[in-house]
Structures are given as C-alpha cells and as structure tokens.
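**Q** Okay, here's what each chain looks like letter by letter:
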Amino acid sequence: MTNDTTKSTIFSKYDPLAQRASMVNKIGVDPFNMTFDDILGPTRGRIGNREIILAGTNNYLGLTYDEGAREAAKSAIDRHGTGTTGSRIANGSYAEHAQLERDLADHLGKPSCIVFTTGYVTNLAAMAGLAGPNDVIFIDADAHACIIDGTRLAGTTTVRFRHNNPADLDKRLSRQTYKDGGHALVVIEGLYSMFGDIAPISEFVDVCQRHGAYLYVDEAHSYGVFGEGGRGIAEEQGVLDQIDFYSGTFSKSLASVGGFCASKHPEFELLRKAMRPYMFTASAAPANICAAQAALDAIKSRPELRHNIMARAAQLHDGLNRMGFDLCAPASPVIAVRRENEGQAAMEWNWLLREGVYVNLAVPPGTPQSSSLLRISVSAAHTEADVNAILAKFKALQDNGAEILADGMRRLQAAE
Amino acid sequence: MPTDQQIFDKICELLRPYNVKNKPILKTSGIMSDLEVDSTAVFDLIMELEDHYDISVPMEVISDVKTVGELVHAIQELLAQ
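Going down the list, the sequences are from chains D and P.
Quick note: the first sequence uses numbering that gives the first Met the number 0, first residue 0, plus one each step.
Quick note: the second sequence uses numbering that gives the first Met the number 0, first residue 0, plus one each step.
Keep in mind the hints are simulated off the structure, nothing from the lab.
Check before you lean on any hint, since a few could be wrong.
Stated by the list, open to error - Taking lysine to aspartate or glutamate pairs in the EDC-like style, the calculated list, with each CA pair at most 20 Å apart, reads:
1) K9(P) with E47(P)
2) K65(P) with D14(D)
3) K9(P) with D53(P)
4) K178(D) with D134(D)
5) K20(P) with E339(D)
6) K392(D) with D134(D)
7) K170(D) with D50(P)
8) K170(D) with D205(D)
9) K394(D) with E339(D)
10) K65(P) with E35(P)
11) K26(P) with D37(P)
12) K20(P) with E341(D)
13) K178(D) with E59(P)
14) K170(D) with D53(P)
15) K170(D) with D43(P)
16) K22(P) with E59(P)
17) K12(D) with D33(P)
18) K178(D) with E76(P)
19) K392(D) with E415(D)
20) K12(D) with D53(P)
21) K12(D) with E35(P)
22) K9(P) with D50(P)
23) K394(D) with D317(D)
24) K12(D) with D63(P)
25) K20(P) with D37(P)
26) K20(P) with D63(P)
27) K25(D) with E415(D)
28) K170(D) with E47(P)
29) K26(P) with E69(P)
30) K22(P) with E12(P)
31) K26(P) with D8(P)
32) K263(D) with D105(D)
33) K394(D) with E383(D)
34) K26(P) with E47(P)
35) K22(P) with D53(P)
So that you can see chain D by itself, here it is in the shape it has in the complex:
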C-alpha cells in the first residue's frame, strides 16, 4: 500500500478505463450506460421524440409483451406478491418454481432441472458446484464472461481450447492428467453471443465420450429459437439426450429474468445443497417465474415464432451481405457486422441511434479476435418492414461512411 494517498485512490486502477470511456462519451451517447425514455414494445423504444427500432435486445421470440406472459406475471403478483425475500433453502420454494423446473425438465427430456435467479448465476452455480478441486474444466476460447467467472468460482484448473474446435479439445483432453478421482468438465455454448456462430455440438459429444468427459452446453441464445421443438442447437444436431448438463436463461427467448440447468444425471438434484449462488441469493420473483412459464408454453405451442425469427434473420443477413458488409458468421438471430476499429464502430453506433436504430456496440476485450462490432439481434416480433428499415440505415451508413467519421471526429475535438 502506498503512503501517498493524495495521488492514489481505490479507483486509480480504473484510470485507463476512465480514459477510454471518456473518449467514447465525447463522440455522443455512452453505449454502455444509455437510457430509453420509454419502451413501447418488443421492437420499439423512445428517446426524446424519436422512436427507435430495437435491434439489440436478445428478445428473440418477442414474448416480453405477449398477452399470456403479461397476464401470468400480473396474476402471480396478485396471488403471491412482488418478491420471495429470500433464498429457496431458507424461505422455501414456491409451487411455481417447482412446476417450472418440472416443465423445463420434461421439455428437455432430462430427469433433473434446477431454476436459478439469473442466467449469469446459473453458470456460476452449476459449474462451481460440479467441478471440485481435482476436476479440470475445459472451456471454449470464446466463452461468455459468466463461464469464465464460473471457472473462477470453481477455483480449479481450467484449460481453454480453440473456439468451436473439437479436434483441439481432443488434443487438450489427451494431454491432461488428473489428480485422484478427477474428471473433465467441458463447457461450450450452442450459439455464441458475439459473432452468432454455432457450435458443432455433435462433434463435441463424440470427443467427450471418447475421453469420458462430461459435456455442459449453455444454450442461453439458442433455447427456444433452434430445433424443431425449440430445444436449441443440441436438438437440431440430434444429440440433446447425450448432453450431460444443459443451461439456459429466462432473459432471452423466455422473456423474463432467471436461468436453469437441466441434467441427464438425477444426482444433479443433490447440488441444491452445495451450490452457493443457488443457496445464498434470493430466489426468482413469482412474476418472473410465471412469465417464463407462459413463454415456455409459447415455445412449445407456437413454432411459427421460430419460423418468423429465422426468416427475419435470413432477410437481414442476406441484405447486409449483398451490401458487402463483413459479417462474422452465417445467418442466425445474432448478426455481427465487423468494423475497422473501436472508434469507427462507436461513431457509427451513435449515428445509427440518432437515425432511430438501436444495435449493440461490442468492443474488446468482450469480443473474439479483438473485434469491434455492430451487433444486431433479430426478434420474431420484427416485421419484414422493420428489417428493411434497418437495412436502409446500414446502406445510408455505408454511403455516408466518410461523413459519419468526420462528424464523429468533430464531436471528439469539440469536447476536448
């Protein structure tokens, strides 16, 4: 600890971050701390007097405004109040928590399913609960932050393998030695959230089985969206029954807040008494659980939602592709447009927002290959006309590229 407290504060370590944030803020709106004055529906927001097309919400099935989900949430509040005020081990579960677990387990054909308070907490809890000190976790190089944080909470040896590369995992599993009774837990995602690329899960199943490794698949961005029955990429690739652990979130296709992990191993139930992020946080509120339950019913009964989102994703991907944009993956509900650098991406992001289109700005270190991206997520609630409007703005962005950058530079200089 330094004695010179006048120079250093507990925040000093964030000086580089402050510098970087300040540059982005000078260009316009802070992309990571912005507020909508109003949200009008699954695909519309309002800032001032401007209506904004929302194209970066991960509201894949557009069910946040679904009549059934809203009624279920309102009725849950009327019957069971606004919060559970404690964890499931201390305050007990509500019948709705247990019902949702049974229904998700049935949908996935697994004997066990545990519901958590958020998607982030799901991976933290399940990974740290499953992997003990003698086990080794293998994660994909492009793993989401909650998977990386899951390895940190597990506190055991963690090995990273090349993205979507079963042969590279094979090599690393062959190389690994284990302490007494140690096992391998391999963690991958179905659809990767930044580039929108899809894992070859069936090949990973094969590699894991050859090495006796357990496979954990996070289908946060693909559950409800892919597969004939909405059971994700694992269903689409015909290997759902072989997945050891299957995690997902309520905050995307399930139109709520929360998460779940299902397992083909009935012993997974025991972890309710071992997973700290399950045991020591308040359980999901009744309204959140009941909204997710209603969205699950929609996933099971309304396949047209999946047809809509895939049609819109194909339309948007095709349009951007024709314009010559550098897209990070084939068509999926996540479409990432690669830009030259962070500055350009930030200036264009601001321009798009001013023009009435909200997408996500994604920059290093949160992106693979240190890429700077304009990331779009498509919703089943987007219409053909919405996607045409988004495409028209990207065309204008392309046509006015030099002007947008010059304007961004002027704003930057004026603020300095």
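Fit chain P to the supplied structure of chain D, relying on the hints for placement.
**A** Then chain P, alone, in the frame of chain D:
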C-alpha cells in the same frame, strides 16, 4: 528441454504481431501494461505457445503472469512437470 533464452526468443517471435507499437520486448516488459497486448490477445498468444511446446497452460497460471519473464518461467515449469 528448451533453455530460458529459447523460450524467450519464441515468445518474442509470437508476440510480434500483437506488439503493434513495436515496443522493445524485455523480460521485465509487462505484457498488457507495457506492450499493450489486450487480454484476449494474451490468451491467443498462449495458445500458440501451447501448440508449440505441446503443453496446456491453465488459465489460473496465465492470470498470475504479468511480464514476459514470468511467462518464460511459467512455460519452463510446465515443461518440467
């Protein structure tokens, strides 16, 4: 078993594309702080080292490594295991 110098030379070679400002690489150079290699790129660099030496460098080892010299030492220790 490669020497410290050979490992250092290999790291310098692999660091080259990430060292965009072409700063001099010393054993005391902070990989992220001095050479300005971002955390994602550090992991990519480590993967190339893993392939070259046919070892796995666990993530918890990487998070303790701040300088090029510490990386040399970490690789040397893993090779000795």
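**Q** Taking 20 Å as the top limit, are the C-alpha atoms of K178(D) and D134(D) close enough?
**A** holds, 8 Å
**Q** Need the status of pair K9(P), D50(P): alpha-carbon distance at most 20 Å?
**A** Given pair K9(P), D50(P) holds - Cα atoms ~12 Å apart, limit 20 Å.
**Q** Please verify whether K12(D) and E35(P) have alpha carbons no more than 20 Å apart.
**A** holds, 16 Å
**Q** Is K22(P) close enough to D53(P), meaning Cα to Cα at most 20 Å?
**A** Violated, at roughly 28 Å.
**Q** Are K12(D) and D53(P) close enough, with their CA atoms no more than 20 Å apart?
**A** The hint is violated at about 36 Å.
**Q** Verify the proposed pairing of K26(P) with E69(P), using a straight-line Cα cut of 20 Å.
**A** Between K26(P) and E69(P) the Cα gap is close to 8 Å, so the pair holds against 20 Å.
**Q** Just to be careful, I want the Cα atoms of K26(P) and D37(P) compared with a cutoff of 20 Å; is the pair within it?
**A** It holds: about 18 Å lies between the C-alpha atoms, which stays within 20 Å.
**Q** Take a quick look at whether K22(P) and E59(P) sit within 20 Å of each other, Cα to Cα.
**A** Between K22(P) and E59(P) the Cα gap is close to 27 Å, so the pair fails against 20 Å, i.e. violated.
**Q** Does the structure keep K178(D) and E59(P) at a Cα separation of 20 Å or less?
**A** Satisfied, since the Cα-Cα distance of roughly 17 Å is no more than 20 Å.
**Q** Just to be careful, I want the Cα atoms of K20(P) and D63(P) compared with a cutoff of 20 Å; is the pair within it?
**A** violated, 24 Å
**Q** Given the proposed pairing of K170(D) with D50(P), does the C-alpha separation stay at or below 20 Å?
**A** holds, 10 Å
**Q** Is it true that the CA of K25(D) sits at most 20 Å from the CA of E415(D)?
**A** The given pair, whose Cα atoms are some 8 Å apart, holds under the 20 Å limit.
Checked against the numbered hints given earlier, the structure breaks hints 6, 16, 19, 20, 26 and 35 and satisfies all the rest.
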